[in-house]
Amino acid sequence: MYRGGTRLRRRLVTLVLVGATGAMLLPSGATANAAGSISVAALPHMGEPGSGPPVLPVEVPAQMPRRAAGFTWSDLDGADSWAKRAIDFVGKARSWMRDFAANPDGSRPFKPDMLETRKYLARALVKAFAPGANVDPMITFTDLDPTHPFYRWANIAVQRRWIKRTSDGRFLPDQPVDTGALHVALIDVLGMNHIARQLDSLHTRDGYDFPTPRRFGALTLGLRLGLRYNNSNEAMDVGPRTPLSRAQVAYSLYRAATLPSWVVPWVNGQYDGIVLPKMGSKRKAIVRWGMKYVGYPYVWGGEWGMANAPSALGGQPVPGFDCSGIVWWALRANDGAAWKVHPPRPYAGWSLGQRTSADMARFGSVKYGRLIPGDLMFYDGNNDGTVDHVNVFVGNGFALDSSSSTGGVTIMRVGDGWYRDHFVHGRRIIPSG
308 MYRGGTRLRR RLVTLVLVGA TGAMLLPSGA TANAAGSISV AALPHMGEPG
358 SGPPVLPVEV PAQMPRRAAG FTWSDLDGAD SWAKRAIDFV GKARSWMRDF
408 AANPDGSRPF KPDMLETRKY LARALVKAFA PGANVDPMIT FTDLDPTHPF
458 YRWANIAVQR RWIKRTSDGR FLPDQPVDTG ALHVALIDVL GMNHIARQLD
508 SLHTRDGYDF PTPRRFGALT LGLRLGLRYN NSNEAMDVGP RTPLSRAQVA
558 YSLYRAATLP SWVVPWVNGQ YDGIVLPKMG SKRKAIVRWG MKYVGYPYVW
608 GGEWGMANAP SALGGQPVPG FDCSGIVWWA LRANDGAAWK VHPPRPYAGW
658 SLGQRTSADM ARFGSVKYGR LIPGDLMFYD GNNDGTVDHV NVFVGNGFAL
708 DSSSSTGGVT IMRVGDGWYR DHFVHGRRII PSG
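Numbering (the working numbering), first residue to last: 308 to 740.
Honestly, the hints are just simulated from the structure, not real lab data. Even for Gly, the Cβ is constructed at its ideal location relative to N, Cα and C. Any given hint could turn out to be false.
[Unchecked claim] Have a look at the derived ranges for each label pair, beta carbon to beta carbon:
(1) H455 to G724: 46 to 54 Å
(2) S388 to T473: 20 to 28 Å
(3) D420 to G476: 29 to 37 Å
[What the hints assert, rightly or not] Below, a list of computed lysine to aspartate or glutamate pairs in the EDC-like style, where the Cα atoms sit at most 16 Å apart:
(4) K471 to D516
(5) K589 to D579
(6) K599 to D579
(7) K391 to D412
(8) K434 to D406
(9) K434 to D450
(10) K418 to E366
(11) K418 to D443
(12) K471 to D481
(13) K418 to D450
(14) K591 to D516
(15) K674 to D723
(16) K591 to D579
(17) K585 to D495
(18) K599 to D516
(19) K591 to D485
(20) K599 to D495
(21) K647 to D691
(22) K674 to D728
(23) K585 to D513
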């Protein structure tokens with residue numbers, strides 16, 4: 308729920324907040340009318356600086372290396388500043404995405420807003436991660452013959468299993484690339500496929516197999532590595548199936564190529580051997596529902612995961628969640644608020660009248676060792692005595708989480724490191740059984 312101290316997005320929301328004790332809990336700045344409805348001009352979703360784990364670092368010099376090309380980009384402006392270093396890295400320091408001919412004055416277009424297509428991604432991946440690979444003549448395409456200028460790149464990308472052909476042998480060179488497809492390729496490049504497969508086969512200790520969504524493992528790991536940019540303009544945030552602009556692809560390639568050498572083994576170690584404990588049907592339902600939204604973006608104040616948000620939410624720019632928003636989405640029962648969780652959620656939910664992590668944390672005192680799946684976990688990120696982050700425990704040291712540092716919803720390791728160090732207490736809202 309922390310946005311790194313950037314900006315506030317103010318919304319007008321009408322909610323009914325009723326605590327577990329039946330007492331009405333009013334967030335700061337909220338007022339209740341005679342009917343018990345709360346008008347909140349600006350719910351305190353922002354949290355505090357320090358909440359959420361730190362962003363993983365990259366290893367890249369502050370300045371581009373001397374061998375970097377000296378041309379200027381002809382079509383970057385202030386709106387592209389978030390991606391400028393990444394674009395310079397993949398297009399100047401490297402030629403991976405130097406895709407378009409120079410202008411007469413020597414400048415080059417990058418086309419940051421153009422949707423990246425499979426043929427350009429194939430060329431970038433091969434240039435970056437397999438520059439010396441040879442074509443496999445056994446790999447052919449019904450829509451790309453060997454004389455095509457992109458055939459080599461497509462052939463090697465398919466050979467490496469970074470991009471797949473269709474069942475009828477097409478490469479679809481001009482089809483846009485989406486977030487999930489890009490993460491699948493980069494997780495393979497980084498040697499993390501075996502961990503992605505374990506996540507895709509997520510199960511409980513007693514043999515229940517969760518129906519994980521397509522690309523679940525790659526999206527979980529990709530977000531954990533920070534491969535997707537968490538845009539300050541949340542209308543530009545992308546979901547698992549969003550077609551990606553070239554600027555977004557540049558950022559992801561840059562991140563994958565500049566992660567310190569310790570990061571991938573460290574993240575692999577967090578998920579290697581993942582298995583969840585035996586749990587009842589109520590708790591399985593929460594995990595199943597939450598997994599559907601892994602890869603959705605971090606949206607400040609976000610609490611909706613469908614295409615069309617209710618008007619009561621004040622025009623949430625894209626489907627997505629902040630930390631307490633994903634908790635609300637997964638657990639809260641319909642309680643007279645201006646928008647209903649059920650349907651579309653296939654279970655009714657439980658009493659959870661508070662919206663922010665700090666207000667949710669006013670109830671409960673469950674110690675870490677007593678947590679069971681479905682319990683809320685609260686954190687004080689900057690050790691100032693105020694809870695500023697929350698997620699949902701799913702067992703064996705993992706939680707359903709949305710934080711700004713990962714840029715979205717993940718299954719996060721919380722049994723050690725930052726989460727364990729900053730854990731305050733838990734709260735049980737689901738009756739045992």
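For this session: List, from low to high, the hint numbers that the structure doesn't satisfy.
Result: Checked against the structure, the hints that fail are numbers 2, 4, 5, 6, 7, 9, 10, 11, 13, 16, 17, 19, 20, 21, while the rest are satisfied.
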